[in-house]
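Protein sequence lines, in the order shown, are assigned to chains A and B. Numbered according to full-length UniProt numbering, the first sequence spans residues 1 to 70. Numbered according to full-length UniProt numbering, the second sequence spans residues 1 to 387.
It is possible that some hints are incorrect.
As the list claims (entries may be wrong) - Below 25 Å or equal to it, Euclidean Cα-Cα: the simulated SDA-like pairs (lysine to any residue) are:
no., chain 1, residue 1, chain 2, residue 2
1, A, Lys69, B, Ser24
2, B, Lys221, B, Cys146
3, A, Lys60, B, Leu197
4, A, Lys64, B, Gly130
5, A, Lys60, B, Lys8
6, B, Lys8, A, Asp57
7, B, Lys8, A, Ala51
8, A, Lys69, B, Lys221
9, B, Lys8, A, Tyr6
As the list claims (entries may be wrong) - Just so you have them, the derived chain B footprint on chain A, three or more residues with Cβ under 8 Å:
no., stretch
10, 11 to 17
11, 57 to 68
Note that these hints are calculated values from the structure, not bench results. Ideal Cβ positions, reconstructed from N, Cα and C, are used throughout, including at glycine.
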Amino acid sequence: MAGAVYHVFGRAVKPHQLSIATLGSTAALVIGLNLTKKPAEKPTSPPINAASPEEEDFVKDFMKSLEEKK
Amino acid sequence: MVNRLVLKGTNYEIGFKHGTLARSQIHACLTNYATYFANAGMSPGDVKSLATKFSETIKLLVPHLHDELRGIADGACVPLLDIVALNSRSEIALAAKPKNGKSDESSSDDDDNIPVPPDGCTTFAETVDGRQWLAQNWDWQTSQLCNLVLLEITTPLDSPSNARMLKTMTEAGLLAKVGFNSEKVGVCLNALRATDLDTNKLPLHVLLRLVLESSSVADAKERFTTKYGDGAACFGHFGIADGKGEGHAESWEIGPYGIAVIPRDAEGRLYHTNHALVEGVKINEVIWLEDTKERLMRLKELVFASDKKTDVKTLAVGPQKDRIFSFLKDEDNFPNSICRANDDSQPGLLGEMQTVFSIVMDLKEDVAWVAVGRPKQVLEEFTLEFF
C-alpha cells in the first residue's frame, strides 16, 4: 500500500521523514531551553538583623534547640 | 487551640521566639492585612512609607520595643517593615487617607463604597466592693480567628518594663492587645475611627503593650504623658483598670491630641463601644456603624435589668463572672449584636466580622477568663492567672 505524501514548501515529503523532522526539532528545542535556563535560585529570606554577637549567638542556640526537639 | 507562647529574655530574644514559634500565623496575618490594606485603598508603597515613619518613631520613643519588633521579623523571616506595618495596622487602614482614593471624611454610614469594616468591640468595667472587673468582646475579621496568639511575657529586668509578667490575647506578630499583668493592670481596646493621623506618635498596639508594662493606671498615664509622646498616632479607646486598693478604672479616648479621660459613673461602671463619648475633642471622627450606639444602649439595658434582679454586691466571683459573660453573649439586633456574627447581607470583608474572643478580668485577684470565638458558641475556654 502506497503511503501518503505531504507537500512542504513545494517538495514531496514522506510521512516517516516528517516524523523524524518533528521529533528532531522538539529535541533540539528542549535541549536549547535547558541550556539557556538560569540555574535554580536558592530560596531567599531577609537577613537576620541581629545587632550584637550576643543576639547572633542566641539565634543560633535557639534554632539549634528547636532542631533537637524535632 | 490558641497558640500559647511563653516568652522571656531580652526584647530581641522575646521577639525572635515569638516570630519563630508563630511564623506561619504571622505570614497568614501579612496576607490578610495586605488584602485589608488594599481594600482600604492603600498601595504597597503607601503602607511601606507609613511603616517607615512609624519604625523611626518607635525606635526613638521606645527602643526596647523596636528591638522586639526586629526580633519578631527575624524569627518570622520577613522584613522589619512588614512587622511594623502589622503593629500599625489600625493607623494604616482606619486613619490614613489614601492619595488615590476618596477621603474617609466623605464616607457615610450607608455608603456602599466603604471597602473595609472597622473593629466593632464592646467594653464594660465595674468596681464592686473594691473588686475591679474589666471585660470586652473583641470583634474583628473572622479570618483572623486562626491567627490568635496568647503571649505570656516576662519583660527584661533592664528594660523600662522592669521585669513584669503580662498576658495578652493578640494577633500573631503584634506586641500586645487585650490583657493584664502581674501588677493587676488590665487593658481593653475599642477602635474609634477618625481621619486624624500623627506618625510622630506611637501606634495603638504599641501603646497597649506599654499599658501592660505599667504598675497602675496612674503610672501608665504618667508614662504616656511624659515619655511616650502624649497621645496616640490615631484615634482609639482604651478601657484601662487596676485592681490595687479599692480598684480603679478609666476610659481613655486617646488620639493625636492627647488623652481624654472618662471616669466611672456613680455606680462605678464604664461602658464603651465604637464612638467617642467625650464632647469637644478636636478630632475628625467618622461614625461608620449605627450599631455602635445601639450596642452601648443595649449594654446599659442589660446591666440595669440585672440590677433589678440581683444585688451585685452579694455575688461571689463565679456568678459575677457569669453575669458579665451573659452581657457579652447578648444577641439583640443580631448579627450586629454585642455578640457579633458574620453578616451575610454585606459584601466581602464587610460581612466577615464576628466576635473573635471575649475576656472577663478580675483584677483584684489578677485572674481572667477567655472564651475564644463567639461567646454563644465557644470554640475554646481557658483561665489565665499568674500565681
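Could you tell me which of the hints above the structure violates, numbers in ascending order?
2, 3, 4, 8, 9, 10
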